[in-house]
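J.: Sequence:
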Amino acid sequence: MTVDPVLLIVIPLAAAFLVPLTSLFSKAIARWIPLLGLLGMALVIGLDYGDLYDGAVTSTTGGFDPPWGISIVMTPFGGLLATGMIGVALYVLLSGVGGRDGKNGVVYSTMVMMATTGGVGMVITGDLFNMFVFLEITSIAGVVLAAMPRDNDRKGLNWRGAAVYAVVGGVASFLVLAGIGLLYGATSTLNIAQMASRVGDMDAFVAGTAFLLMLIGFGIEAELFPLNGWAVEVYRGSRWGTSSIFSTVIGKAGLFALLRMSFIVIGPAIKGDFVMDILLWGGAATYLFGEAAAFTSRDMYRMLGYSSIGVFGLLTASFSIGTGDGVRAGVLLIIGHMLAKPLLFSMMAHAGRRYSGDVPLKALRGMIRSSPAGALMMTVGILALIGMPPSPTFWGKYFLFSGAGSSEQWVLVGILVVGTVIEAGYLGRLIFNIFDVRKDTRENGLPLARGIMGAVAVFMIFLIGVMPGPLHDIIELVIRELLQPLTYIRWGVI
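Using my numbering, the letters of the sequence shown map in sequence onto residues 26 to 519.
No lab work stands behind these hints, which were simulated from the structure alone. Misleading hints may appear alongside valid ones.
[What the hints assert, rightly or not] What follows is a list of derived Cβ distance ranges for each label pair: (1) Gly453 to Gly494: 39 to 47 angstroms; (2) Ser213 to Glu501: 31 to 39 angstroms; (3) Leu72 to Phe230: 29 to 37 angstroms; (4) Phe460 to Ala229: 23 to 31 angstroms; (5) Val192 to Thr86: 29 to 37 angstroms; (6) Gly210 to Val438: 36 to 44 angstroms; (7) Leu508 to Leu68: 27 to 35 angstroms; (8) Met492 to Pro472: 24 to 32 angstroms; (9) Ile54 to Phe230: 50 to 58 angstroms.
Backbone N, C-alpha and C define an ideal beta-carbon position, used for all residues, glycine too.
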């Protein structure tokens with residue numbers, strides 16, 4: 026049974042609209058609307074999942090064929106990312122952030138739904154201007170989320186991150202729009218598949234200029250070096266749920282858009298390996314920067330924020346190797362990060378909830394005694410992020426080293442080794458503090474909802490790590506989608 030994928034946009038928009046209206050007469054009912062909306066989105070993905078094995082699930086709005094109508098093209102890659110985004114939003118809201126244990130619950134849950142709308146829309150749209158519209162939605166929702174402080178924050182850390190992101194987000198939107206204008210002028214269409222089919226007529230200078238504009242614009246959203254100075258301020262001052270949304274929804278949507286345009290449209294228009302080389306070494310630099318900065322951090326929000334920046338660099342480098350193993354690595358690393366990072370943010374926030382500003386590493390000291398369940402779940406998340414088996418990240422790094430080695434990218438292999446050692450070093454400090462029982466600690470029980478969602482994340486980490494096989498066919502389709510532009514063109518031309 027195939028369900029129109031446009032419902033993945035309609036449902037969260039409707040939920041975001043209904044939440045503030047319903048809250049006027051019943052906050053209890055309003056609290057359930059986003060959850061029901063996300064479950065509805067998960068149902069749509071589930072019903073369409075089987076069709077992804079045959080390619081993309083497509084539809085058009087208004088009954089008009091492109092370029093007059095806007096096309097929705099849910100490819101295997103977009104479907105995987107949309108599934109992860111929905112899962113993270115469910116994790117955040119079901120864990121109680123913005124609900125029973127968070128201030129401004131109505132506004133918070135509404136903005137989570139808007140960010141999810143924008144992120145999912147960016148990965149399933151087949152129209153470039155429509156992608157820009159969804160980018161704007163994620164940016165606006167991101168600013169509001171970043172401006173909402175943690176419940177115990179009395180230092181106003183949130184305002185700096187929100188202000189900086191509002192400025193750089195506006196710059197990103199302007200640059201992306203300028204790049205879209207250049208591509209539209211060169212191809213006379215905004216449909217991505219049609220645009221890709223006309224790259225043979227595109228001037229290399231125009232394509233290069235559009236790439237530069239989109240690299241900076243989408244690179245800001247994807248937290249790539251040196252465009253990511255804003256990101257750590259957002260992570261430092263935001264709620265753990267907001268940090269989770271930025272690292273797994275907003276950032277991943279920006280990375281997807283950059284990869285889509287680079288692999289499908291701009292890369293083929295610029296002969297040679299110029300585009301992939303820029304992404305590869307830009308990603309490698311981001312990875313080293315993020316890991317080194319995380320190693321020197323003493324505030325855990327900053328540490329995990331820089332860690333997310335490093336992961337974005339690792340993902341960019343993985344895909345940009347341009348081989349099957351590189352794409353396999355990128356997909357598995359995305360899955361591992363989307364499972365582990367919200368788990369770490371939530372458990373870290375629980376351990377450090379008594380701190381009004383920065384949360385030092387000592388907040389974890391003795392956590393194995395004060396909150397054994399939270400300590401064990403956080404340890405699993407840390408090991409999964411490093412890449413210890415069994416975890417999706419282990420398989421991702423295995424394929425990454427394999428892809429880099431087979432492509433004779435020995436400098437990249439060296440960077441990966443150094444980055445992994447640094448990552449193990451600073452994340453190992455977290456584990457050391459968790460199991461440091463020299464100091465007496467008082468009971469710090471984990472809230473039931475957060476514990477249940479953490480257990481679900483741990484279960485999924487082990488399940489996918491032990492049995493990654495069911496993802497094999499989908500990942501192979503993602504490889505075709507990215508490395509063979511004609512595949513996407515056939516899927517997207519309706």
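J.: Taking the hints in turn, state whether each one holds.
T.: Taking the hints in turn, this is what the structure says about them:
no., hint, result
1, Gly453 to Gly494: 39 to 47 angstroms, "violated, 31 angstroms"
2, Ser213 to Glu501: 31 to 39 angstroms, "holds, 34 angstroms"
3, Leu72 to Phe230: 29 to 37 angstroms, "violated, 45 angstroms"
4, Phe460 to Ala229: 23 to 31 angstroms, "violated, 57 angstroms"
5, Val192 to Thr86: 29 to 37 angstroms, "holds, 33 angstroms"
6, Gly210 to Val438: 36 to 44 angstroms, "holds, 41 angstroms"
7, Leu508 to Leu68: 27 to 35 angstroms, "holds, 31 angstroms"
8, Met492 to Pro472: 24 to 32 angstroms, "holds, 30 angstroms"
9, Ile54 to Phe230: 50 to 58 angstroms, "holds, 56 angstroms"
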